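> Those sequence lines, one after another, are chains A and B.
If you're matching positions, the first sequence starts at 55 in the working numbering and goes up one per residue.
If you're matching positions, the second sequence starts at 546 in the working numbering and goes up one per residue.
Check each hint, because a few of them may be wrong.
[What the hints assert, rightly or not] A partial selection of chain A residues facing chain B, derived with a Cβ cut-off under 8 Å:
#1 Ala99
#2 Ala102
#3 Asp118
#4 Leu275
#5 Asp276
Hint data in this document are derived by calculation from the structure and do not stem from the laboratory.
Note that this is a predicted model, so its numbers are computed, not measured.
For glycine and all other residues, C-beta sits at the position ideal for the given N, C-alpha and C.
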Amino acid sequence: MKYMLIHVLNEAHLGDMPPEVEPELAAWADEMVGRGVELDGARLARTATATTVRTVDGRLEVTDGPFAETKEQIAGYDVLECDDLDQAVAVASAHPTLHVGAIEVRPFDDGMPTPEVPETVAEGKRRYLMLVCADMRRAMAAEREAARTGAGAEDEEEDTSTIDAWCESVADRRIYGFPLAYPDRAVTVRRVDGRIVTTDGPFAETKEQIAGFDLLECHDLDEALEAARTHPVASGGVLEVRPLWD
Amino acid sequence: MNGAGDQAALPLSPHEFSTSWGRLVAGLIGWCGDWDLAEECAAEAFAEAVSAWPRSGVPDAPLAWLTTVARNRARDRLRRRTTERAKLSLAFADATDEVAPVHDEDIPDERLRLIFTCCHPALPMPARVALTLRTLGGLSAAEIGRAFLVTEPTMEKRLVRARAKIRDAGIPYRVPAPEVWTDRVEGVLAVLYLMFNEGYAASSGESLLRVDVSAEAIRLTRSLVELLPSEPEVRGLLALMLLTDARRPARVRRGRVVPLAEQDRRLWRLDQVAEGAALLDPSPPWGPYAVQARIALCHDAAADPEDTDWATIAELYTRLPATPVVELNRAVAVSMAQGPAAALPLVEALTDALAGYYLHAATLADLYTRLGRVDEAAGALATAIEQAPTGAERRLLRERLEALGRSGGDTA
Numbered sequence: 055m056k057y058m059l060i061h062v063l064n065e066a067h068l069g070d071m072p073p074e075v076e077p078e079l080a081a082w083a084d085e086m087v088g089r090g091v092e093l094d095g096a097r098l099a100r101t102a103t104a105t106t107v108r109t110v111d112g113r114l115e116v117t118d119g120p121f122a123e124t125k126e127q128i129a130g131y132d133v134l135e136c137d138d139l140d141q142a143v144a145v146a147s148a149h150p151t152l153h154v155g156a157i158e159v160r161p162f163d164d165g166m167p168t169p170e171v172p173e174t175v176a177e178g179k180r181r182y183l184m185l186v187c188a189d190m191r192r193a194m195a196a197e198r199e200a201a202r203t204g205a206g207a208e209d210e211e212e213d214t215s216t217i218d219a220w221c222e223s224v225a226d227r228r229i230y231g232f233p234l235a236y237p238d239r240a241v242t243v244r245r246v247d248g249r250i251v252t253t254d255g256p257f258a259e260t261k262e263q264i265a266g267f268d269l270l271e272c273h274d275l276d277e278a279l280e281a282a283r284t285h286p287v288a289s290g291g292v293l294e295v296r297p298l299w300d
Numbered sequence: 546m547n548g549a550g551d552q553a554a555l556p557l558s559p560h561e562f563s564t565s566w567g568r569l570v571a572g573l574i575g576w577c578g579d580w581d582l583a584e585e586c587a588a589e590a591f592a593e594a595v596s597a598w599p600r601s602g603v604p605d606a607p608l609a610w611l612t613t614v615a616r617n618r619a620r621d622r623l624r625r626r627t628t629e630r631a632k633l634s635l636a637f638a639d640a641t642d643e644v645a646p647v648h649d650e651d652i653p654d655e656r657l658r659l660i661f662t663c664c665h666p667a668l669p670m671p672a673r674v675a676l677t678l679r680t681l682g683g684l685s686a687a688e689i690g691r692a693f694l695v696t697e698p699t700m701e702k703r704l705v706r707a708r709a710k711i712r713d714a715g716i717p718y719r720v721p722a723p724e725v726w727t728d729r730v731e732g733v734l735a736v737l738y739l740m741f742n743e744g745y746a747a748s749s750g751e752s753l754l755r756v757d758v759s760a761e762a763i764r765l766t767r768s769l770v771e772l773l774p775s776e777p778e779v780r781g782l783l784a785l786m787l788l789t790d791a792r793r794p795a796r797v798r799r800g801r802v803v804p805l806a807e808q809d810r811r812l813w814r815l816d817q818v819a820e821g822a823a824l825l826d827p828s829p830p831w832g833p834y835a836v837q838a839r840i841a842l843c844h845d846a847a848a849d850p851e852d853t854d855w856a857t858i859a860e861l862y863t864r865l866p867a868t869p870v871v872e873l874n875r876a877v878a879v880s881m882a883q884g885p886a887a888a889l890p891l892v893e894a895l896t897d898a899l900a901g902y903y904l905h906a907a908t909l910a911d912l913y914t915r916l917g918r919v920d921e922a923a924g925a926l927a928t929a930i931e932q933a934p935t936g937a938e939r940r941l942l943r944e945r946l947e948a949l950g951r952s953g954g955d956t957a
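The shape of chain B in the complex, shown without the other chains (with noise of 0.2 Å):
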């Protein structure tokens, strides 16, 4: 089951496939109640605008099209049907049909329901990224699959478990309830923004063959904004996404992920800079996806790494819930604002709760390096080293090592 056949072919762009497919998906489950009927239905439309439009040209309606194909390809399939199942689902797609749109701007746009359902907390965390990117973004199982290192068949079944979860166990195809809405929709942004950094962590390595999942869940986030204006965390989530999304040209090189503060500053992209900056409220309160999109336009508005402002940082860094992670990211915005010795009992009081963290110790080096304990470095380093968990970090960690063995050498 491919996803919608041969998109490419059709004269529409990335967004607007997405925002169709997942459009005329959301639409067809509403209409029919049957989630794998309605994807089978939605890409066999595709399939047949990819054969028709290039002849006779995009119709007026593209989406009231889609819909009409759609929804005869799916009667057919029903009445073939013999199950209890099928004749109720077709009792209802009549009973509920009417006339055909004649303009998309008629057509309900359904995808919250959608994207509520396939982020529900009943569903493993992996289905949700799955069943989100299959059936709002328009992603095949194979694209997903080699997005996530596994696959085809194992996507597959991911995909299956979790469409016969919403069907057995009776997961409603709504939006949620006043009392559940504010944990639903964090669940929702949680997803995409796990998604977001799969799809950026994934940037690094060998990514030809990857599908751009971070594209596709920047998309799906601009989408969300459109459906749930009155969220402010999901524009803070879109501008997170965004202004760490402007940084992607210049943080690899040759293969290996270069640090920000190495980073080629005029590969970044100012356009997505400001679009993220324009989608942040000037004013608290902040979310905690606004505080983090705050981080990092500090981080994008400094042209120079020593022009960065991190007493800025370390203020945001204070409005986050103090995880020990959160701390330890604010002890670095002390240093670098204070200097060291401010920072040093910062991170000192985090050894309990980070202990076996290598960023930890790494920072704790790079805290003695600066105050010129270099015994107490090599310590701290030669502990990041044997924690780091792969190759490459460590690989960084000797090699500031052995910096320090140079210019320990040479202060002795």
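The following block holds chain A by itself, in its conformation from the complex (with noise of 0.2 Å):
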């Protein structure tokens, strides 16, 4: 199964990372690399850097500043393929990440493809993630009304359509992008007192979630921002578009 990593920290808080980290983080990654669990990961750019598209009266509005503000913001991603969930935290638990903030881990849904992603970024061209979110809310509690009726499996084919066309339409700017599990399968793991705790539930309550993200290469903002502004999750929900660590 695949799972993503999103690592948080109070940004105020950088400065704090003891000196080790950076040999820890080298170990930690040529280590899942090379047992085949870390699959693509990178840092992300200050928050300070982050724009949000979203609709408001019904225009499409852009703004300064990431899609929440949140205690801890979202420092960096990791995809994981591993066994089961314990595997996975087992895995975000030793990330040093857990020196100063935390991680919440989450299964992607079924079936994704292993991501191919090009070790160099083309020239003239940056990095950024999409964060895409949305209110699941009202969509979660559906979930599990249907669940406790036993209703269920109904049967509920997604129309997929409309995402298909939009990853055509940037195919020339689109590395790839999963779709992330409903955040109640998400676990956040910190470190207490030396113990490594695990709580049920994202890292953070917003108004909306991450539902999945893509990952863009672009000669600049303008590009991901008309990515963004064309995905058909703009018009109910907010998608963050933040360059990649430098």
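Build the complex: two chains, separate frames, hints provided.
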């Protein structure tokens, strides 16, 4: 199964990172790539570089800043191939982010292929992570209700034609992207007093929750924002576009 | 880092200075891709002009002179740096270098790229305003800080963050693509109008220390009219600014804001009224700025408050997006054109939409007063006083309440 690690930390405490973090990070990555666990991952530039796209009063609006104001900010991500959640949590528990922050572990939707991410960025381009966010609380509640009443499995053939058309239209700048399982499938890993503590749920309660992401490679921010503006979720949710750490 | 040094020593009008500065910085950013470097070297070039031009006279092509000086400074700085980014900038700059132009007319005007980037929606609004004033208008961080009542370090930090976001998030330095063109032009106009209004509001108070930001907004919009001749709303905005600003000499008396009806109209600047009126397209369709400009013109054209063409004003308000505040203004115009009875249902219909907005209660009070419904007027005034944001407005409303008591006593 594939899992996403969402690294979060309070940016104000970035300077408190112990110096051993860098070599630890390199060792973690070496090991996880070697074991075939780590498929992709990157650090993100600070939230000051983030830009969001959402619909307000029927109009698409571009604004400065991340999709939600949270105590801890998203600082990076990893895509893992693991046997199960326990293994994913164990892999997260060994990550140096836990010196200063936390890691949300969440499965992707089933059936995602192995991402192919070129090692080097094309000349004159840069990479952006686009977080696709939407308020999924109602959908989650409906799903729970269906499970309770046993109604479930009502062949809800999801219509993927609009998202397919979008992928097609941004094929020149989209490397790959995956939808995530609902946030109620997430666990968040922290280190408290030297012990690893796992809590149920995402790293923060926000109005919109992360529903998936796309990795983009663009000449500039406007190209990335164009992909966000035309995304099917833009009409009801929020898309955050942020460059990867340079 | 001071703006352009002692620019007052240069034989340039404020408009000439602003234009030269904006064109110089715009060209330098296009040349080296580094906003900080471009601004620093533009400031140094102007500083050199301050010492050289009074001795040797203004060169035939001042912008070409400034560009050459600034580029040489930039090259020196880039050579001293050792970072990869600097080497890249230098290589790029050298590659795109051309023979210094002899005439200023031969230098392309790149200010359009600059203004679209400064007003990019990915930047916070206050940063857009500050960055536009700095890079296009040539105001220093200290001057902009004074205009917006923040300290120089705070303003400097705001500018540094904005430039960092442009660099780190990859905000492009170019005019926007056709699919976002309309939105982005609107965005630029919104920044300029906000700048104008902030400056205009500030001109009521402790204005002596303040830089005239509304004059700067007018200057920049004037330039934009030249740069975007096919966008009628740019002219509409310039007209709106000029037609509003024309009343400025009469707007404040002894430190207090004078209501429109009580202003000494002989002080209004008729040259600005004429210029603003000439910018307006004679027939619709008119964009929101052009419509607001026409409303301003209706006021400006009245030698006495009684001469105001309220019927036209009421009609013009129907051409604006019908927000509750627009509807309230329309109701006021209707009350002047057709009497308070016609306007009352319009204002009462807005009670929920404008709950908590003191001007709604104040307008209601005015209509009740004119209809002789004194008790209801007093009630509405009490609400307005409670909701009024500043002491000056509360004072004005209390005076009205007292006047109501007296006239109420007379009629009772």
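> Take the hints in turn and mark each one as holding or not.
Results for each hint:
no.: 1; hint: Ala99; verdict: 6 Å, holds
no.: 2; hint: Ala102; verdict: 6 Å, holds
no.: 3; hint: Asp118; verdict: 4 Å, holds
no.: 4; hint: Leu275; verdict: 5 Å, holds
no.: 5; hint: Asp276; verdict: 5 Å, holds
Against the hints set out earlier in the document, no violation occurs for any number.
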